[in-house]
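Student: Take a look at the letters that make up each chain.
2 protein chains.
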Amino acid sequence: MAGVPVAFIGLGLMGRPMAFHLLKHGHAVRVFNRNPAKTAGYAEQGGVVCATPAEAARGAKIVFTCVGDGPDVQQVLFDEKTGATREASAGALFVDHSTIAPEAAQQIHARMDGRWRFVDAPISGGQKGAIDGTLAIMCGGAPADFDEAEPVMRSYGKKITLVGGPGMGQAAKACNQILVVNSIMGVAEALMLARRLGADPAKVREAILDGAARSWSLEVLGPKMIAGDDSAGFFIKHQQKDLRIVLESARAKNQPLPATALIHEIYKMLQARGGDKKGNHCLYRAVQIMGGEDWRAD
Amino acid sequence: MAGVPVAFIGLGLMGRPMAFHLLKHGHAVRVFNRNPAKTAGYAEQGGVVCATPAEAARGAKIVFTCVGDGPDVQQVLFDEKTGATREASAGALFVDHSTIAPEAAQQIHARMDGRWRFVDAPISGGQKGAIDGTLAIMCGGAPADFDEAEPVMRSYGKKITLVGGPGMGQAAKACNQILVVNSIMGVAEALMLARRLGADPAKVREAILDGAARSWSLEVLGPKMIAGDDSAGFFIKHQQKDLRIVLESARAKNQPLPATALIHEIYKMLQARGGDKKGNHCLYRAVQIMGGEDWRAD
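Sequence order for the protein chains is A and B.
Numbering follows the working numbering, with no gaps: position 90 of the first sequence is 90.
Each number in the working numbering corresponds to the 1-based position in the second sequence with 298 added.
Keep in mind that the hints were calculated from the coordinates and are not lab data.
Any given hint could be a false lead.
Computed list of lysine to aspartate or glutamate pairs in DMTMM-like fashion (alpha-carbon distance at most 25 Å, straight line) [unchecked claim]: (1) A:K241 / B:D508; (2) B:K522 / A:D210; (3) B:K501 / A:E150; (4) A:K128 / B:D508; (5) A:K253 / A:D294; (6) A:K38 / A:D69; (7) B:K566 / B:D528; (8) B:K359 / B:D411; (9) B:K457 / A:D200; (10) B:K457 / B:D443; (11) B:K456 / A:E206; (12) A:K253 / B:E591; (13) B:K379 / B:D411; (14) A:K159 / B:D508; (15) A:K237 / A:D294; (16) A:K203 / B:D528; (17) B:K336 / B:D445; (18) A:K203 / B:D443; (19) B:K522 / B:E591; (20) A:K158 / B:D508; (21) A:K203 / B:E448; (22) B:K456 / A:D210; (23) B:K551 / A:E206; (24) A:K253 / B:E504.
Input sequences plus hints: build the corresponding full structure.
Tutor: Next up, the structure:
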């Protein structure tokens, strides 16, 4: 499917490569970003750079957003002067790729009030997935709306799933983040214990990689921990924002998540040492600090 | 390689199928088990059932042990009357498949005192892996001793790794157990949050299965949690023994493992409700209890 008039609002680490994929796939793309520097190179590739979300939404069949947290999404959609809904056609479809609380997504669904349509569609796969066009996209909304957005999202998505009704894409993303951090925490503690016991962490990793200990984290992030490479595939500060959403969603349902809550606290050790822009695998640095070593983000 | 005279001591859930694999591969196998009922059917398959570890070890080139904890291994090897070393040939090779502390394994290595040889070789893969002959085996010891045992262990092992010197097989096993329980804990919290948020846990699992949340636990144990199937691939009581070893090893090195320690505590909730023989994936029951539901092992 090509040639669909779309808008893309929010050209951050993720959104910028995603919007380029839409262009490459032949869609007519109007973009907006709060910081106009991020739209550089866009007009040259055939995109239209707009001054407000409202202007970007003009004539679009689908309006994609990829911004920060719930209030940011509300603002780019509903701001009285510049919000995308100000100029969107009646019945336009809004698809939000931001990670926000499931309940916040449900509020946006409700606020569309039958005049427009909405799909919550948070993404996973990191900046690499956005650049490679291999993102996982977890969607919540009406099946017909999902079916309409899905072929266009194929421009940058690989595994695209309708998880359920309003907010259920965000629910899946929250679950994804729980799994990611618990998995990283296990790898961090395991590889640190290996070192303390005098074993070669790389040998240990290799010995246990295919069994019940198997995980994406051990495969992909284990080698970075072993090499002492703290560079980010996913920033700690973004991980913490996502965990805050997870824990608030759980609290609203009176559901304790003790392991995830502990990990959220442990990340704060790294934030206190300047680690906001280090990778989320740096939990191994926290385990190292707890074992008596020093670490500080450079 | 076939026809090696070996002994196998400890025909429990794991040891019994392993010893049968040795027979099937044409080795001359003498077995001992504390409870003689477990040796049933063994003589009929061509094995020799013995009354003591010492008797089993007679004439063996390799003596395998697969018993409980460190003191059990010490007893079957060194008991003054019945220990396997009483009758083992000078230079015989001992290979221990039990999960014990790395330090306890190092003590056994030392106690061999040049008269015999020892490889610590804990296993992973559960009873299913033992029955299918697809165990992972993590080894610590001298390369020449490993090379001698490896072709015989191929009878029931698939991934067989020399991790390092004395105790390093046990070190790898400790790391493996850290990864296993942290991974399960993540799946347990994630699938429970999915439920609380009104999402279909099976749909959520499917949406996130291939990305950064990917793990053996989500793949294999996730469906059991979703189905409410508490049957054991690996008993909670054995998991707890292994975690005790992990935490004691870490404590000896002054290395805090906060997430693993928390999970060890949470398993106690299930033990207090009669869950010792339920599967280690029942951490999801603990999360459920914490969220206000009732559960007790039947």
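Student: For each hint given before, does the structure comply? Return the numbers of the non-compliant ones in rising order.
Tutor: 5, 16, 17
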